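**Student:** Go ahead and model the full structure; you've got the sequences and the hints to work with.
Chains as they are written, first to last, in our numbering: chain V, 1205 to 2050; chain Y, -9 to 103.
It is possible that part of the hints are untrue.
A partial selection of chain V residues facing chain Y, derived with a Cβ cut-off under 8 Å [what the hints assert, rightly or not]:
#1 Tyr1225
#2 Ala1227
#3 Thr1229
#4 Arg1262
These aren't lab readings, by the way, just hints derived from the structure by calculation.
Please read these numbers as outputs of a predicted model, since none were measured by experiment.
We put the beta carbon where it would ideally sit given N, CA and C, even for glycine.
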Amino acid sequence: MSARLWQIVERRLRQVLPPAYLASTIGDLAEDYERVRTCKGALRASLWLVRDAVSLIRAYRRARRSPQTTSKLMLADDFRLAWRRLVVHPSAPVQCVLLLAIGIGLSTTMFSVVDSLLLTPAPFRQGRHLVEQTFWQPEPAVMQAWRTSGMFEAVEAGRQARFQVGDTSETSAGAYVTPGVFGMLDARAVRGRLFSAQEAWTGANDVVLLSETVWRSSFGSDPALLGRRIRLSGTPVTVVGIMPETFRFPAPDTAWWRPFDPSAKTAGPATVFGRVRTGIPRIDLERRVEKMAREFGRIPANYRGTPALQPVAGGDLGAFTNRALWMLVGGVTLVFIVLCSNVSSLLLADLSSRRREFAVCAALGASRTRLLRQAAIEHVLIAAAGTVAGVCIARALVANVPEFFLGRSLNVIDVDHRALTAASVLGACSVLMAGLVPAWLGTRTEPPGSRYGTTDGRLNRTATQLLVVGQVALACALLVGSALLLRSFGNLAHADRGLNLDGVVHINLSGLDNAFPSPEAMGAGTNAIETQVASWPEVSSFALSREAPPSVRASRLEPQSTDGTARETGSGNLEADRYRVSPAFFGFYDIPIEQGRNFESGDSEDLVIVGARLARLLWPGDDPIGKTFDSGDMGVNRVIGVAGEIHLPTLTSELDRPEFYTPMGNRSRTVIVNMRCRSACPSAEVLRARLAAIHPAIGARIDPPSANEYLSHLRLPRALAKVGGLFAIVSILTAAGGLFSLMMQAVAGRRREFGIRLALGASPGQMRGLVLRDGLTMGACGATAGTIGGWTIGRALSGFQYGVTPADPATWAGVVGAIAIVALAATWCPARRAMRIDPVHLLREE
Amino acid sequence: MPQAPGLGEFETLLLLAILHLTEQKVDANGSAIRDEIQTRAERHVPRGSVYVTLDRLEEKGFLSSREISGSAARGHRPKRVFKVTAEGVHTVRSAVAAVTKMQRGLQDVLGRL
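**Tutor:** As structure tokens, this is what we get:
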């Protein structure tokens, strides 16, 4: 056994001892071992050997440690101490970690969304160089002009559509695109192939590409789908390829692609896409493109502008939404400042309460550097934990981004690492700065009993009070902003639309081009459809029209004098919605005819009923009946009646246009059946079967009800109100937490004072009043400062307000009331604690 | 005022122990030094502390060492024998003198040592 033990001892000593002294040291050990073994026996000698060998190994290991190693060990000790302290006193650190995490999570999410929607180019080859211009109809001449201009590397076209898949009534977003689009975007199919050039031609275009998402969800990832014929909006098409899930073009929700022939005569807007050559100045590009659009595009003569050239980026993300997003970025920045200042005030308060601990440590020999390092390490741990939790919150929030934002980016919205890093670094800096300054003051301590805790304590307290007042001010400002947004949303949701949409269902009839090729046939066909619908037992009331409210087809108007010449209205480039309707339309939607008469069968298409607002705009103070105006492609119209005004409540006031109505006529190839059903409406298949009796080519599609279209205009206000409300709630709760912590600390620090006051005869109620007064004073100071911020935010949000002004008294009253309640609630508990102080108990403690 | 440069209490004990062994003509190796301190100072001394301190004192120049051939009891391994250098003697003298001076007049408190 002893031989084996000696082997182990020698091996371990060899690892530690300097080689020059190894033999002599082991020799000494061996000589002593023999002596001990002779005196005390083998077992005791073995124990002795182990003890001395271990002593040697430990001593040499300690001696071998370099100053750096020692420093590392001290650092490890500091980390251990900091961790132990955080575990023993978790209250303030946990609050700081939570606040920091919320701040990092919210700001990272907001910046990620903005980055995805506004800053990052479309996720295609040379995405920054992709531009688009949308026209009222396909413009092959414009495309040709773009191609020959030398400014574009590639020019393609497309238009968005909704497809009805199979026999279901559900529609899915899709697009018609020229086959070259995929090459321009450098997109490849994950299965199958893309379109060939020949497949763009009418007659050979019965092919379709579909998204991987649809392939998985609707077809169970069936590999045999390629080559199979499916029905898309009633047309049989062959699936030739599957596009990757990440391919989102031209809209974020596009899931189906069919070939597009720009030269074919199709109705509806079409978009020209181009990849600009490198080095072309933007201003030159815009000028040339505008000129080409004017020269080659079919832009109505009375249209004063040209379609805008836009970067291919975020679907229908307009300037208005851009502004809304930047406003939210401003909001989240304010929230971040509130949270960070709250963390700072918490740490200030915490470190102030530890001045005695620092003083004792200093008296026991701890250097100032060591104490500062100790405080810094605690804050590093808090910052690290806050960052980790913030990442988790950001991931959770990004995964639940409101649908309004999600459906507007061609990029997949994910946590942006630059935003995450910036928010984390700023959060960590705020924690460290908040920690180091009071630590510097706090560690400037003499042993207890000297001038302990006078000026520095007041400095810390004043700094904390200022931070809390700042938090309340920012929270107040955010509360004003979110209250205005909330009231705007409420006003929009309850605004009078001027028509009755209850239970309205729209049947969009298609295939009328083939069924009724001539205007005469179209007129007869429309009458037949009207008779047919009237005979359906499920339908309680109906009206035919070419457009359903809210219309998206605007006409430019030129009012005319009685002599037929154009007259300046002072209303600029006046736009109005045009509805081509049957006489039953007004009764169906409960739109009153306020003046003149309704349409009658046989009225010519130049007769018109104008909305009340349009009448006021065109002929202010005059009787509109008999007046005329030029509506562009419809020619000159004569007014026979004035209908009640219908509204599209929306933040974008340009969309809420005045309207006018003309008889249905026979020129258009679309018919919409507006109807209400007694119980359940007939399905699309039943409708198609019934309409086949009139002509087998007629198709029927049930469109989403008008109410949905109206509700879609509430999505941005709703999203703004939601996010703004979230910001305000987080800020106000944070400020309340800061006030609560400060008041609790103040009460704890003034226990002796309260005890003396109570002993001298003050009542507990007076103590409560004292604390409440202090808390409410701070709340009032914050609210006063926040008034200025709130007014500024209210003014900045004026573009997002509907039926409310920044000076809205109800909003301000609500905000002031909310601040008062929150300040009272945050101060109440500390005040109760102050009134419960027992002077006798306090004396015993002293 | 002259002061022993960087000599701790244990280092002083070691130097004194080596001086004792040298005076007795005994080889002052690590084991003998340790035994000398334990016997004279009646204090348990860990072996590791002795050897590490010896190395440190040699580095400081207060000690010198040489190796002599070892006996069979130690497996014929060499024996490292230490000797206090002149500088070491001077330093330990200063340290002891300082202690002696400091204890003067404290017989009533400390008793006769």
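**Student:** Hint by hint, say whether it matches the structure.
**Tutor:** Each hint, compared with the structure:
Annotation: tyrosine 1225 (chain V) was flagged as interfacial toward chain Y, and the flag holds, the nearest CB pair being 6 Å apart, inside 8 Å. At its closest, the beta carbon of alanine 1227 (chain V) sits 5 Å from a beta carbon of chain Y; the interface hint therefore holds under the 8 Å criterion. With 8 Å as the threshold, the beta carbon of threonine 1229 (chain V) comes within range of chain Y, its nearest partner Cβ sitting at about 6 Å, so the hint holds. For arginine 1262 (chain V), the shortest C-beta to C-beta distance to chain Y is roughly 6 Å, which falls under 8 Å, so the interface hint holds.
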